[in-house]
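Enquirer: Listed below, chain by chain, are the residues.
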Amino acid sequence: MLSPARNRLTIPLLLLASTAAPVFWALPEDLPPLRSLGIILGWAGCGMLFGSLLLMLRETWLSHWLGGLAGMYRWHHRAGVIAYVVLLAHPLALAADSLPAFPDLAWQTLSPFANGWAVRLGWLSLLLLMFGLAATFASRIPYRIWRWLHAALGIGVVLGLGHLLQLGIDEPVLPLLALAVLLLAWRFIRDDAGLAARPYIVRSATPIADGVVEISLRPLAQPIAADAGQFVLVAFHSGAGFRGCGQFHPFTISSIAGDGEIRIGVKALGDCTRHLQSIATGVPARVHGAFGHFLAGRPTTAQLWLAGGIGVTPFVALLRGGPLHQPTTLIYLYRSETDAAYLRELQTLAATDRLLSLHAHATGEEPPDLASLLPASHDLSNRECHVCGPPAMVAAVRKALCQRGITARHIHFENFDFR
Amino acid sequence: MRRLYVYATGVFWLLVTTVAIVGHGVPEPTGHPPASERLIPLAELARHARPDDCWMAIRGAVHDLGAYLPEHPSQPSVVVPWCGREATEAYESKGRGRPHSPHADELLTRYRIGRLAGEQP
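Those sequence lines, one after another, are chains V and R. Letter by letter, the first sequence follows residues 1 to 419 of UniProt numbering. Letter by letter, the second sequence follows residues 1 to 121 of UniProt numbering.
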C-alpha cells in the first residue's frame, strides 16, 4: 500500500513529466515570444493528453501503483480539460504573434480555409475535443450513448498527431502516434471488450431492498483477488432468458467466499442496473478487478463509518469477514426502511459484535441533518472516518467533519462516478 | 472543470471571431513586384547559403528567409540545404510531394527582395 503522500503526488508528477518532456524536446530558440509560447502550448497540451490517455486504463497493477482507480479517473478528467484549454490557446498565440503588424496574416494562420491539411487537421482535432468534452459533461445522456461520444476524444488525439505529421514533424510524432493507438487499443480490447476480465456465472440473485438486488457470482476459472471494501467492474451478458447490457459497471463487493465466489450489491440507478434487478441464475458475466483500497490498512484506533444508501456495502463486506478489532461506530443513512439494504443483517451483527455500534436513520427525502447525526468534536478525536455514499452526501459529510476539526488524512472516501 | 470548459470555449470562439474580423478588414497585398525590382544573379544568390543569411529563389523571385527560418515548422536539415539555391521544386513538393499552402505563398511575399536575373517577372 502506498503512503498517502505518495498516493497524492504520483499522478500529478506523472502528468508533469508527460507535459514537460515534449516541451523540453521542442523548446524553441530565438523565436518571437508569442510564437514560442504557441509552440510550447501545443506540445504541452499534447503531452498532457498522453498522460490523460494513460490514466484511462483499468489495470489492477496500474491502479495500485497510481493510488487507485478513482484518483486515476479524477486526474484523467482534469488533465483532459486542462490539455484542451492549453490546446485552444496554441493557435491563438501563434496568430497573436503576427496580429499587430499583419492582421491578415494572423487570420490566415488560424483559418482552416487559407491553409493546407496541417491546419485543417488541427482544427478537426480541436473540434472533436470540443465535442467530446461537451458530451462528457452531459450527464443526462444514457451511458451506452455517452461512452461512444466520449470516444470522440480519442479520435481527436489521433487527428492532432496527424496535424503534427502534416507540418513535417515526423521524428517524435510517429512513435507518439503508435503510442496513442496502443493506449486506445489497450483500453478498448482489454477493458471495454473484457479481455482483462475473468469469466463468472450468476449463482443467485436476491432482492434485499426496494431497487436493490444482491447478485452472487461464481468463478468459472481462476477467481479475481479481492478484499473487503474493494469494488469490481462487472459486465453481464445475455443468457438464461436474460438480455445483458454487456457494459462494465462498478459494483462494490459485499461478500467474498473462500472458493472465490463474490457477492455484489446492485442498486437500480440507471438503465443497465435497473434491468439487472430481474437477472436470472445462470447468466454469464465477466468480472474485472478488484480495485480500490477504501478500507485497507486501517489502524487499530477507533473508527467512524458513515454510509448513505447502497454505500453501506463495503462496510457490510468487512463485517461479514469476521469480528471487528477496533471500536467502530456505523452511521447508516437511508430514505426509508424499505430502501435500507442489509439493515436487518447489520442489526444482528451489532447485537453480536460488542465493538460495533450501529446508528441507523431514515432521513426521508430531505438531506440528512449532519449536525445532529455526527458525534461531537471531542468524540471524533483520534478516530479514522470512512465515508461512502452519494457524492453530495460524501461532500457534505467531509465538510462537516472538517468543521469538527478532523484533518483530511483521517477522512477516507472513494468516488465511483467514472463518467 | 465544466465551468472551465465553458469559459475557455466561449473565450476561444470570441477571439477567433475577433481575429477573423480584424484580418478581413485589411486589404490583401497584390503580390505584384514593384517595377524597379532588383535583379539578382545566381552567383549572388549562392553567396547567401547560411542559416542566418539564407536567400532562396522560388518561382523566379528571390526571398531573404534568414529571419523566417527559425520559425519554419520543419527541421533545419530539411530547409537549410536549399539556401542560396533555386528552390522552386522543393517548395512545390514539400514533404510527400505536396505543395505549400496559399498561406505559405502569402507569407513568402513578405520576404521577397528581388527577381532572379534571367527570369521573367
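Treat the hints as calculated values from the structure; they're not laboratory data. None of the values given here were measured: they were computed from a predicted structure. Positions of the beta carbon are idealized from the N, C-alpha and C atoms, including for glycine. Honestly, I wouldn't trust all of these hints.
Derived CB-CB ranges, DEER-like [claimed, not checked]:
#1 R/59 to V/12: 28 to 38 Å
#2 R/52 to V/140: 50 to 60 Å
#3 R/80 to V/246: 52 to 62 Å
#4 R/21 to V/117: 22 to 32 Å
#5 R/112 to V/13: 33 to 43 Å
#6 R/113 to V/100: 18 to 28 Å
#7 R/73 to V/155: 53 to 63 Å
#8 V/171 to R/52: 15 to 25 Å
#9 V/16 to R/52: 32 to 42 Å
#10 V/361 to R/10: 37 to 47 Å
#11 R/10 to V/12: 44 to 54 Å
#12 R/10 to V/259: 49 to 59 Å
#13 V/172 to R/10: 25 to 35 Å
#14 V/65 to R/113: 50 to 60 Å
Here chain V is said to cover these stretches of chain R; the calculated rule only asks that three of the stretch's residues, wherever they fall, bring their Cβ under 8 Å from a Cβ of chain V [as the list claims (entries may be wrong)]:
#15 13 to 23
#16 67 to 74
#17 106 to 117
Enquirer: So the hint says 50 to 60 Å: do the beta-carbon atoms of residue 65 of chain V and residue 113 of chain R match that?
Expert: holds (59 Å)
Enquirer: Could one say that the CB atoms of residue 172 of chain V and residue 10 of chain R fall in the range 25 to 35 Å?
Expert: holds (33 Å)
Enquirer: Would you say the segment 67 to 74 of chain R counts as covered by chain V, given the rule of at least 3 residues with C-beta under 8 Å?
Expert: holds (count 4)
Enquirer: Verify the CB-CB distance for residue 113 of chain R and residue 100 of chain V against the hinted window 18 to 28 Å.
Expert: holds (23 Å)
Enquirer: Falls inside 15 to 25 Å, the C-beta gap from residue 171 of chain V to residue 52 of chain R?
Expert: holds (23 Å)
Enquirer: Taking the CB of residue 80 of chain R and the CB of residue 246 of chain V, does the distance hold inside 52 to 62 Å?
Expert: With a Cβ separation near 56 Å, residue 80 of chain R and residue 246 of chain V satisfy 52 to 62 Å, so the hint holds.
Enquirer: Taking 33 to 43 Å as the hint, is the beta-carbon distance of residue 112 of chain R and residue 13 of chain V inside that range?
Expert: Given range 33 to 43 Å: violated, Cβ gap about 50 Å.
Enquirer: Just tell me: holds or violated, for the beta carbon distance of residue 21 of chain R and residue 117 of chain V against 22 to 32 Å?
Expert: holds (26 Å)
Enquirer: Count the residues of the segment 13 to 23 of chain R with a beta-carbon closer than 8 Å to any beta-carbon of chain V: does the count reach three?
Expert: Check passed, 6 qualifying residues.
Enquirer: Tell me whether the statement that chain V covers the segment 106 to 117 of chain R is true, taking a Cβ distance below 8 Å and needing three residues at minimum.
Expert: Per the Cβ count (3), the hint holds.
Enquirer: State, for the Cβ atoms of residue 361 of chain V and residue 10 of chain R, whether the hinted interval 37 to 47 Å holds or is violated.
Expert: Distance hint for residue 361 of chain V, residue 10 of chain R holds at roughly 44 Å.
Enquirer: Per the hint of 32 to 42 Å, is the separation of the Cβ atoms of residue 16 of chain V and residue 52 of chain R within bounds?
Expert: Hint holds: Cβ distance 35 Å, inside 32 to 42 Å.
In this structure, the earlier hints numbered 1, 5, 7, 11 are contradicted, and the remaining ones agree with it.
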